[in-house]
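If you want the building blocks of each chain, they are given just below.
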Amino acid sequence: MSVNRAERALTYGVLVMFAVGAIYPVISILFLALHTKSDLVTGFAWPTDPKLDSFRAAWNEGNFATGLRSSFIVAATVTAVSAVLSLGTGYAFGTMRFRGDRPLFGLFLLGIIFPYEATVIPLYYDFKNVGLLNTYWSLILPQIGQSVAFGTFWMRAFFRSTPPALVEAARMDGASSFGVLVRVLLPQARPALLTLCALVFTYTWNEFLLALVLVSGAPDKQTAPLGLSFFAGAVRAGDPTKVAAAAVLVMMPIVVVYLVLQRHFVRGMLAGAIKG
Amino acid sequence: MTEAPAQVAVPEKAELQVERARRASQRAPGEPRNVAWLYILPGLAFYVLFTLAPLAHAVELSFYDWDGLTVGRYVGLANYREAFSDPLVRDSFKHSAELIVFYAAIPVILGLLLTALLTRHPVRGFTFFRTALFLPQMLAGVVVAQAWVWIYASNGPLNELLRTVGLGSLARPWLGDFSWALPAIGGVGTWVTYGLCMVLFIAGAQNIPSSLYDAARVDGAGAMREFFAVTLPGLRNEIVVAFVLTTINALRSFDLIYNTNQGGPGTSTYVPSLYMYQNAFVYNRVGYAAAIAVILAAAIFALAFLVLYLSGRGEER
Numbered sequence: 006m007s008v009n010r011a012e013r014a015l016t017y018g019v020l021v022m023f024a025v026g027a028i029y030p031v032i033s034i035l036f037l038a039l040h041t042k043s044d045l046v047t048g049f050a051w052p053t054d055p056k057l058d059s060f061r062a063a064w065n066e067g068n069f070a071t072g073l074r075s076s077f078i079v080a081a082t083v084t085a086v087s088a089v090l091s092l093g094t095g096y097a098f099g100t101m102r103f104r105g106d107r108p109l110f111g112l113f114l115l116g117i118i119f120p121y122e123a124t125v126i127p128l129y130y131d132f133k134n135v136g137l138l139n140t141y142w143s144l145i146l147p148q149i150g151q152s153v154a155f156g157t158f159w160m161r162a163f164f165r166s167t168p169p170a171l172v173e174a175a176r177m178d179g180a181s182s183f184g185v186l187v188r189v190l191l192p193q194a195r196p197a198l199l200t201l202c203a204l205v206f207t208y209t210w211n212e213f214l215l216a217l218v219l220v221s222g223a224p225d226k227q228t229a230p231l232g233l234s235f236f237a238g239a240v241r242a243g244d245p246t247k248v249a250a251a252a253v254l255v256m257m258p259i260v261v262v263y264l265v266l267q268r269h270f271v272r273g274m275l276a277g278a279i280k281g
Numbered sequence: 102m103t104e105a106p107a108q109v110a111v112p113e114k115a116e117l118q119v120e121r122a123r124r125a126s127q128r129a130p131g132e133p134r135n136v137a138w139l140y141i142l143p144g145l146a147f148y149v150l151f152t153l154a155p156l157a158h159a160v161e162l163s164f165y166d167w168d169g170l171t172v173g174r175y176v177g178l179a180n181y182r183e184a185f186s187d188p189l190v191r192d193s194f195k196h197s198a199e200l201i202v203f204y205a206a207i208p209v210i211l212g213l214l215l216t217a218l219l220t221r222h223p224v225r226g227f228t229f230f231r232t233a234l235f236l237p238q239m240l241a242g243v244v245v246a247q248a249w250v251w252i253y254a255s256n257g258p259l260n261e262l263l264r265t266v267g268l269g270s271l272a273r274p275w276l277g278d279f280s281w282a283l284p285a286i287g288g289v290g291t292w293v294t295y296g297l298c299m300v301l302f303i304a305g306a307q308n309i310p311s312s313l314y315d316a317a318r319v320d321g322a323g324a325m326r327e328f329f330a331v332t333l334p335g336l337r338n339e340i341v342v343a344f345v346l347t348t349i350n351a352l353r354s355f356d357l358i359y360n361t362n363q364g365g366p367g368t369s370t371y372v373p374s375l376y377m378y379q380n381a382f383v384y385n386r387v388g389y390a391a392a393i394a395v396i397l398a399a400a401i402f403a404l405a406f407l408v409l410y411l412s413g414r415g416e417e418r
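Here the protein sequences line up with chains A and B, keeping their order. Just so you know, the first sequence maps onto residues 6 to 281 in our numbering. Just so you know, the second sequence maps onto residues 102 to 418 in our numbering.
Isolated chain A (complex conformation) (with noise of 0.2 Å):
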């Protein structure tokens, strides 16, 4: 038995040594933050007398209002467009079979995996091209595309689960393949759909390189991590304790979205991964 007691606290020991190890980076960077550059910080930067100065700073001189307005205003359309046409894509993939359904499935399931790096060169010509460099739109079609990939296999996977039968009575009923969509299977799909709208909202938001590339010329349009990455370029060196606010106002709106939605953001990320 005591064997069996000390396994546990050894367990529960490791366990609590990896959760402390996951977060303490996030811990560390807050600390620092609520110092100021005259507190001389070094080593754990315990805040013994937190101040809010470098957050204030740091919101002032990097912009961050326009920052997260504009990571807001990316992520809200794409997740609301990518939203509506995954439904539309899943719906099809899931309830109906027609000709060449399999291998274009097997195309989607491409974009899953597909990398912005092979991508971005093209994207930044042909937005030159039709004037469509630094402006949001540059950011939200691409992320738009991808993330239609994910969605379609996510919401494809919700659709084959629910019982045909339901359907089949719909359309005995005479509804339509909307009717059946919207009134039966919609009320159904909310849980799938919430997950999907927070992976799909939480990737875009944190999306960098498209940003680098496609809107650094026009200040008002960069996202927050871009504004981060910028700001930390600038005054890292000066004051690193103003650069640990910004990061902080950067990561601050996932974290609580994380937090008040944490099952489902670990239900699709794990489902996503096995099925994927």
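Note that these hints are calculated values from the structure, not bench results. Keep in mind it's a predicted model, so treat the numbers as computed, not measured. From the three backbone atoms N, C-alpha and C, an ideal C-beta is built for every residue, glycine too.
Here are some chain B residues pointing at chain A (derived, C-beta under 7 Å):
(1) V136
(2) H158
(3) L218
(4) L236
Given chain A, put chain B in place with the hints provided.
This is chain B only, laid out in the frame that chain A set:
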């Protein structure tokens, strides 16, 4: 519907009724329906226009010598030939391979160790641990970079820890050290992915039938035997998936490296995506950059297909 008679001959009565109902509505699931295209086309249009078309365009660009401004010159495979003999490309991919050890191999091993510990008895409060372990996955690469730049700084927490435990002689500015910069980046990669591996494996282990463990225990298997005979085979799919996800993460480490030491010191942390970015947008060698991008994409696709093939899950239930 040429196979219809054969279908009708087989089913039992109840199924026959359903089949008849199906026929009556003519639009039941499983029937070929052209209306599907209506639902697919909008999504497909975005996907083709903004993902597949740019990919094709990248392949096209890779056959040109182009500075992004003047008229490009078709050079066939010259960019690829140059890429394969460019020492910096080779170094970049070599660095990526080293990063794979940190991003993929170490987290998978850590995840398995933890799972081995946990499968011995149920864990209370796992939701809390899961939330914490998953957090790094949620953060933007730029934010992760800022956090770790501080941790690795000369006066940062890591060096402070070393000095506290009397290993002050090891303290250094980690990201600026020629031999330590790449492992330091790798350490961040391990931090980002280990939680994912752990949660993936622990969730997977819960699906292993407990009768298998009971059988192993009846046979007198110890913790080690039990792990190798039951847990490890039961997690085969999860392990393969974890490897592919983390490896793709490793090959796409642009955000982290661009925002920490930009490939430095020297070229000691150059990776393909960074080199591609520089060629395209700093040196204006667009065709060459496109060739590197295509090679990187091909490497990622090849890895993913290898895993799909290995796990034999191309056909879903």
